[in-house]
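J.: Start from chain H and add chain P according to the hints.
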Amino acid sequence: MWIAIGAAVVGIILGIWMPYNLTPEMSPYVAISIIAALDSVFGGVAAHMKKTFNITVFFTGFFSNALLAAGLAYLGTVLGINLALAAIVIFGTRMFQNFATMRHILLEKLGKRQKKEVSASEDKENEEN
Amino acid sequence: MDMKKLRFQIPIAIVCLALAFALTWQIKGQPRIRALEAPAHISVLVEQYRTVREQNDGLRIQVGQQQEDIDRLRHEVAQNSEGSETMVRQLEVAEMLAGLTDLEGEGVIVTLNDRSGNFDSDFAMHPEWGLIHDDMIFMVINELLVAGAEAISISDDSREERILATSEIRCVGSTVTVNGTRLATPFEIRAIGPAATMDSALRMRGGVMDNITLFGASIDIRMSSNIEIRRFTGAFNLHYARPAGTGGDE
Chain H
1 MWIAIGAAVV
11 GIILGIWMPY
21 NLTPEMSPYV
31 AISIIAALDS
41 VFGGVAAHMK
51 KTFNITVFFT
61 GFFSNALLAA
71 GLAYLGTVLG
81 INLALAAIVI
91 FGTRMFQNFA
101 TMRHILLEKL
111 GKRQKKEVSA
121 SEDKENEEN
Chain P
1 MDMKKLRFQI
11 PIAIVCLALA
21 FALTWQIKGQ
31 PRIRALEAPA
41 HISVLVEQYR
51 TVREQNDGLR
61 IQVGQQQEDI
71 DRLRHEVAQN
81 SEGSETMVRQ
91 LEVAEMLAGL
101 TDLEGEGVIV
111 TLNDRSGNFD
121 SDFAMHPEWG
131 LIHDDMIFMV
141 INELLVAGAE
151 AISISDDSRE
161 ERILATSEIR
171 CVGSTVTVNG
181 TRLATPFEIR
191 AIGPAATMDS
201 ALRMRGGVMD
211 NITLFGASID
221 IRMSSNIEIR
231 RFTGAFNLHY
241 ARPAGTGGDE
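Protein sequences, first through last, are from chains H and P.
Numbering follows my numbering, with no gaps: position 115 of the first sequence is 115.
Numbering follows my numbering, with no gaps: position 128 of the second sequence is 128.
Fair warning: there could be bad hints in the mix.
Claimed, not checked - Here are the simulated lysine-lysine pairs, DSBU-like style, with alpha carbons at most 35 Å apart:
1. P:5 / H:50
2. H:51 / P:4
3. H:109 / P:4
4. H:50 / H:116
5. P:5 / H:109
6. H:109 / H:50
7. P:4 / H:50
8. H:51 / P:5
9. H:115 / H:50
10. P:5 / H:112
11. H:112 / H:51
12. H:116 / P:5
13. P:28 / H:115
14. H:112 / H:50
15. H:116 / H:51
16. H:51 / H:115
17. H:112 / P:4
18. H:109 / H:51
As the list claims (entries may be wrong) - Far from chain P by the CB rule (all over 10 Å, computed), these chain H residues:
19. 51
20. 82
21. 88
22. 104
23. 121
Simulated from the structure, these hints should not be mistaken for laboratory data.
In this text the structure is predicted, and so the values were computed from the model without any measurement.
C-beta atoms are modelled at their ideal positions from N, C-alpha and C, and glycine is treated no differently.
Extracted from the complex, chain H is given alone in its bound form (with noise of 0.2 Å):
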């Protein structure tokens, strides 16, 4: 947990101190790759609460999905067709279902645990009556 915040704090330090500059034609693929990067993340995160996460899947995805998308976005303005927007599309989409998927198995656990408190309470008034 602590190496993961400390990389992440280090990664924004060094983003605020890259001395180079992206240029306006790069930031776009940036951008798309952010979105890829951001959603296999979410990706990993509802995994990991299904019980169903795999560090290698996760960590290939992460790269290869930045990478695609920016490729995708490259190969839309070489042919003149605003790919990108397939990407942004496909990528929102996802984060929305991995959000769907986290608050469901979020609220399954506290059902769960509330219906754990309910019979315990009702246990206790049923020995005091």
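T.: Chain P alone, transformed into the frame defined by chain H:
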């Protein structure tokens, strides 16, 4: 820390680092990229416009100096050779008519301005109605010529353009070009000629003044015993016309 845990944490750390870096870098670059777009173009254009305008002003001064040189040389020629004095006088008249000399004399100054004040519903539908258009300037100039004007110029706050035989008067957006120079309202039309005649010609009932004020534009006529009209400072370029009977090269 055991190996299994580490094997799990290192990729996560790499992912966190990469994502945090990319996000920060991208966010940091955005204001600069946005600044590079639209406003930059405008400032570049403004700069270019300024330079061209300065060059233009410089050239105008140069033209003025060279015209003075021509005047001086002509004077010398007139003094040196006999019989050429009548020719010089003829030339002077021709130049006065052609707009190549500064003139002064009795005349009127007509000021045209756009409608001012709030735009009510009628004008909201046709905002162009209260503005000074090229046809209004035509009307004024035509009326002045009918009444006997001998020299006419149009000016705004910064430029004065002499009306020549080849002068165009044309609406370009919210400005009007005369002799290729953009002028903006309020326009001042100066005319040398019989002041009282020109004044009453413009004020005729149903005439120019009524037409212009109909939709709210304003016209002001001032008579003066001595007005000055500057010469044309541009260059003449005749590509097609030549004195008749001289034949062509083609």
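J.: Would you say residue 121 of chain H is clear of chain P, with no C-beta pair closer than or equal to 10 Å?
T.: holds (39 Å)
J.: Would the least Cβ to Cβ distance between residue 82 of chain H and chain P come out above 10 Å?
T.: holds (18 Å)
J.: Take the C-alpha atoms of residue 5 of chain P and residue 112 of chain H, compute the straight-line distance between them, and say whether it is at most 35 Å.
T.: Distance ~29 Å between residue 5 of chain P and residue 112 of chain H Cα, so the pair holds.
J.: Taking 35 Å as the top limit, are the C-alpha atoms of residue 4 of chain P and residue 50 of chain H close enough?
T.: Roughly 21 Å separates the two Cα atoms, so the pair holds.
J.: Between residue 28 of chain P and residue 115 of chain H, does the CA-CA distance stay at or below 35 Å?
T.: Between residue 28 of chain P and residue 115 of chain H the Cα gap is close to 48 Å, so the pair fails against 35 Å, i.e. violated.
J.: Holds or violated: is the Cβ of residue 88 of chain H farther than 10 Å from all Cβ atoms of chain P?
T.: The claim holds: residue 88 of chain H sits with its nearest Cβ about 15 Å from chain P, beyond 10 Å.
J.: Checking one constraint from the list: CA of residue 115 of chain H to CA of residue 50 of chain H, max 35 Å. Satisfied?
T.: Holds. Residue 115 of chain H to residue 50 of chain H sits at ~21 Å (cutoff 35 Å).
J.: Assess, step by step, whether the Cα of residue 112 of chain H is no farther than 35 Å from the Cα of residue 51 of chain H, and give holds or violated.
T.: holds (17 Å)
J.: With a cut-off of 35 Å on the C-alpha distance, tell me whether residue 5 of chain P and residue 109 of chain H pass.
T.: This hinted pair holds, its Cα atoms lying about 26 Å apart.
J.: Using Cβ atoms and 10 Å as the threshold, tell me whether residue 51 of chain H really stays out of contact range of chain P.
T.: holds (14 Å)
J.: Given the hint that residue 51 of chain H pairs with residue 5 of chain P, test it: the Cα-Cα distance must not exceed 35 Å.
T.: holds (16 Å)
J.: Hey, residue 51 of chain H versus residue 115 of chain H, does the alpha-carbon distance stay inside 35 Å?
T.: holds (22 Å)
Checked against the numbered hints above, the structure breaks only hint 13 and satisfies the rest.
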